[in-house]
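Chemist: Listed in order, the protein sequences are those of chains Z and P. When the count follows our numbering, it moves up by one through the first sequence with no breaks and lands on 533 for the last residue. When the count follows our numbering, it moves up by one through the second sequence with no breaks and lands on 1173 for the last residue.
Honestly, I wouldn't trust all of these hints.
Computed footprint of chain P on chain Z, listed as stretches where at least three residues anywhere in the stretch have a Cβ under 8 angstroms from a Cβ of chain P [stated by the list, open to error]:
(1) 18–30
(2) 92–106
(3) 410–417
With the Cβ distance kept under 8 angstroms, some of the chain Z side facing chain P (calculated, not the full set) [unchecked claim]:
(4) G170
(5) G305
(6) T311
(7) A337
(8) D341
(9) G342
(10) P374
(11) Q375
(12) R381
(13) R382
(14) I426
(15) V431
(16) D511
(17) P512
Chain Z is nowhere near these chain P residues, computed Cβ spacing over 12 angstroms in every case [to be verified]:
(18) W952
(19) N1126
(20) T1135
The set of hints was computed from the structure by calculation and includes no laboratory data. Even for Gly, the Cβ is constructed at its ideal location relative to N, Cα and C.
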Amino acid sequence: MPITTNTLHIPLLTIILLLPSLGAAICWVVPSVRLARLLAPAVAIIDFILSAFVLVEFHLTGSAWEFQLADRRDWIESLPGIAHLGITYWLGVDGVSVFLVVLTGLMMAIAIAAATFMITERLRAFLILMLFLETALFGVFMAINLFLFFVFWEAMLIPSYFLLGVWGEGRRFYATMKFLVYTIFGSFLMLVGIFYLWSRTGTLDMAGPSGLVAHPLDPTAQTWVFLAFTLAFAIKLPLFPLHSWAPDAYSESPVPFLIALAGIMSKAGAFGFIRYCVALFPTAAHNFQALISILAIIGMLYAAGLALVQTDIKRLVAYSSISHMNLIVLGIFALNATGIDGSVLQMINHSVIISGLFLAVAYITARTGTRLLPQMGGLGRRWPLLMWLFFVFVLAGLDLPGLGSFSGEFLILLGVFRENAWYASIAAVTVILAAWYMIRFFQDSMNGPEKEPIEPAAEPAADAGSVYQFPVFQRLIRGDLLPGEILLYVPLVLLILYLGVKPVTVTRRVDPTVARLVTLVRSAPSPGLGGGP
Amino acid sequence: MPYAVYLILFFPFLGFVLNALLPLNNRVVSLVGPGSVLLAFVSAAYSFNWLHGRPDTPLGRSYDAVFTRWALAGPFHLNVGFLLDPLSSLMTLIITGVGFLILVYSTGYMRGEDGYRRFFAQMDLFILAMLILVLADNYIWLLIGWAGVGLTSYLLIGYYFLRPSAVAAARKAFVMNVIGDWGMMIAIFMMFVLFGGVDFNTVFTKVHVQPYDGLIPTVLALFLLVGAVAKSAQIPLYTWLPDAMEGPTPVSALIHAATMVTAGVYLIARSYPIYQQSPFALHVVAFIGCAGVVFAATMGLANNDIKRVLAYSTMSQIAYMFCGVGVAVYSAGMFHLLEHAFFKALLFMGAGAVMHALGDELDIQKMGGLRHKLPFVYWTFLVGVLAIIGTPLFSGFFSKEDVIGAVFGRAQSGDGWDWLVWALLVIGAGLTAIYMFRLFFLVFHGDPRDRELYDHAHGPGWSMKAPMLVLSVLAVIGGYIAFPGQYNLLDAFLSPVFARWPHNGPAIVAQPFSLASMLATLLLTLVGFLVAYAIYYRRNPAPQRVGSLAPAVYRLLYHRYYVDEIYDAAFVWTTRTFYRLTDRFFEEDTLDNIVDGFGVVTRLAGGWLRGAQTGFVRNYALGILFGAVLIVGYYVIGGR
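With the hints as constraints, model all of the structure from the sequences given.
Modeler: Structure (structure tokens):
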């Protein structure tokens, strides 16, 4: 079995991976913050352009399901003492991760660009941390070695801890602690699982003739390792009922970090499900299909319903994000090509939508000084541009047919319907709730009678120890969207529209990889429940 | 050239883009808005003509222009195309033709409103979505158009988006329509799983081998019907339509009368091989229709809002169309759809002209005697009223006769349930005459009830008059494409569509003309007219006085059978309360406490263990001794 079909002369993936860290280092040493403020987004944009090349170089000829653009270095194995531990530096992309790499490039560029004008305190440190975070995110999606993956997986946490803990709003200490303890608990069990895998197989490489995918564990052993991995990914997503860190963390995060957290890091969980849980433990995935699907359906309805009764718009968007992420899990655990293709497509859509919605929250908050829906109303009269751009994301958020999110949602539910018509029919009820809460969000803020003009908030209440408690913007903005704010929205809106008309652009590249994965799952020995064809 | 199909779609798209993105001034917008739709109409007429010139066979009269590949995921793949056949061609003509007239009317009606450009951009977008709906050759793009018209309907109902009632109405319309979308989505999933595709051709060539009247085609047809009743405002998902009158009147004319709300009828007619496979589902369609005819008409009897009366009448008339397609005489349903587009658009334009004259007054209790002030509106409105109640030789007579006659014919040929449907339709015809003439007399006859309003009333300008004139002419002559017992051009024109795919069930043929049915209908219509005449023309009373004759009934009708209140309590309030309680007691108390509980337990355990770290050597020594004793004891007693 060949390992890759397609290699380049330059180590493209390594460059993409390390460029943000290099940029971070430079930002650290440049003399002025102003320079760092220009440099960081420039690095992120260059990295995005490079990541777009990955998509260009990703070929659909031959065995398109294999890892492409592989980049393997022997320096870890050559280190004395750990040569036999199965740790390798090995990067590559397949049909699923190639899109997540490009998505990471795009969303991080947007997030870092947003940070340059949304963050005022300690901007340089913020940018440096965001750039480090970008490296970790790329690493998660590129690593073909399980240990390497885990290193990047944990590396995401370190910048996240500071980004949330230092720049967060309100109850950020509580939120940070909850987020951290939850995630570390999950990844700790995954680490145990990784050790176990290594002890059984002697390798941690995913691909290759001796790789983990080619040699699955026996079904009984699969169960426990599967659960260990699942817990880590389910928390990151977050899957119901492990979600309770998310509303707190999301609602206290600074919005630029939130684009990374809700936009990309949650996808790392979904990606982990596809790449590791399903591919490494096909039998166990089959056995837990029903349980996880039901949890995901409950999660969809539960979070959508809670979004309906929130008054804090940031929490509202947080719950809508949870609802959509549970849909993605549902699609993955349809364990057929249609469902998983849809899930990958929906990862892109969700990332775009949720970033757009959180940006809208930031834009609204920056103009009204409040996050509470009852205090808003009629804003669209004063800021029509904000209203209409926001509306695009509202429509995408409620999966309006014709927009990108519908394509993904449709494929997911179609895949689920093939396995179990009841699951899909009940899960589809979420679209009614989604329409309801999204329209409520839009109308209660933008439409209706105008409320009293809001005066800039007084000094933020300073409780002991929270020196940096401030609204996202220091002062309220008076006018409609600024050019910078519009610019952040342009690529997102274009993506939403394009993916509604031509989702095939994504799915046909994803499909070979997923089809191979599904064959793997379907042909795995299945002692317990097994789905239909 | 068949590519005119693309042009039909292109011009409204262009109009939308220009109006939405460019800061055009109102004069240019007035050109771009109606102009783009006129060009679309020309393209549609050209396509119609082109299609008509093709061989008169089912395949000859059907042209599928493949446009692009939409998605590919595992076994699912879909190539999107636009299907031009007599059915879709007829619909494009109605949409662009009536749409153009209404947009011309709008240039007069909307003059001076805030958001003039926004209005035309959204109207163009609506026309585009509606055209996608009728031209799509597969159910997914039909659903995309379906949701698109729902979106534009939402936007235009909420056109005055600072007015709370408009905002609430828009939200209600949107969410109820999404319930319909849900049903459509399930139906589409079923199609793919059962037939391996969701384009019309695949579905229709395979559905007829499903068990006849079996569970599968019935469930499929009923899920499609969920979409149809939501969009067409039929029982039980109709309560959004009266509220939708919050939008500007041209919107009510185009979207909530002539085109969008009839999409459900189109959907059923289009999906005829599915419905043919399930007589049960067809009966459900007919029952929903006949119940809706009477139900909506009775609500129209007691309403005092000029536009809402028309809204209930729309619901009632669409229910007639449902009966037509529900007895598998699809051409009858489509015929009434066509004529209804003419006369109902005309009636709404008349209502709009009255509102325009009276400073947006909607309450018919404050009107009266307007025939002196607005003679043009009076006469055109009269034409609309005569057409809708089915006065002989007016267009509504032919189409309504077609529907009622079709039901009668089916009943005669052995379908016993159809007698019930027929009876309700005939009663409905009588009720229509009552509520329409009640409206007419209260608005235009008698003495003015509000002098102030009456004195300031002024007639519409030519941009409003011209479309009304054209529609009046159509409302008179539009029906002559079919003459009861003589000829039926529309049925002949549409027949290739219904011969295109194999199907079971009742034969799709126009039913024989029945004099008895026609006379019964005309008799009840006449009775209805006389009732309205006796009460509202001769006596000219205030509506409340009429109500006091039977206060309980009047209250029930006036409050619309309390259905809105029931829905609010049963669904809206229940859902919200359930999730409020969940948020408070499960999400916050239970889940968070469990999570925080872990933290507390860990801290407590840490605190307790910290107690062992006393720092005194003697304590540690004691510990070591204790441990040593345990270990030694284990080996001694265990005897390993």
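Chemist: For every hint, state whether the structure bears it out.
Modeler: How the hints compare with the structure:
no.	hint	result
1	18–30	violated (count 0)
2	92–106	violated (count 0)
3	410–417	holds (count 6)
4	G170	violated (16 angstroms)
5	G305	holds (4 angstroms)
6	T311	violated (10 angstroms)
7	A337	holds (3 angstroms)
8	D341	holds (4 angstroms)
9	G342	holds (6 angstroms)
10	P374	violated (14 angstroms)
11	Q375	violated (16 angstroms)
12	R381	holds (6 angstroms)
13	R382	violated (11 angstroms)
14	I426	violated (10 angstroms)
15	V431	holds (6 angstroms)
16	D511	holds (6 angstroms)
17	P512	violated (11 angstroms)
18	W952	holds (36 angstroms)
19	N1126	violated (10 angstroms)
20	T1135	violated (9 angstroms)
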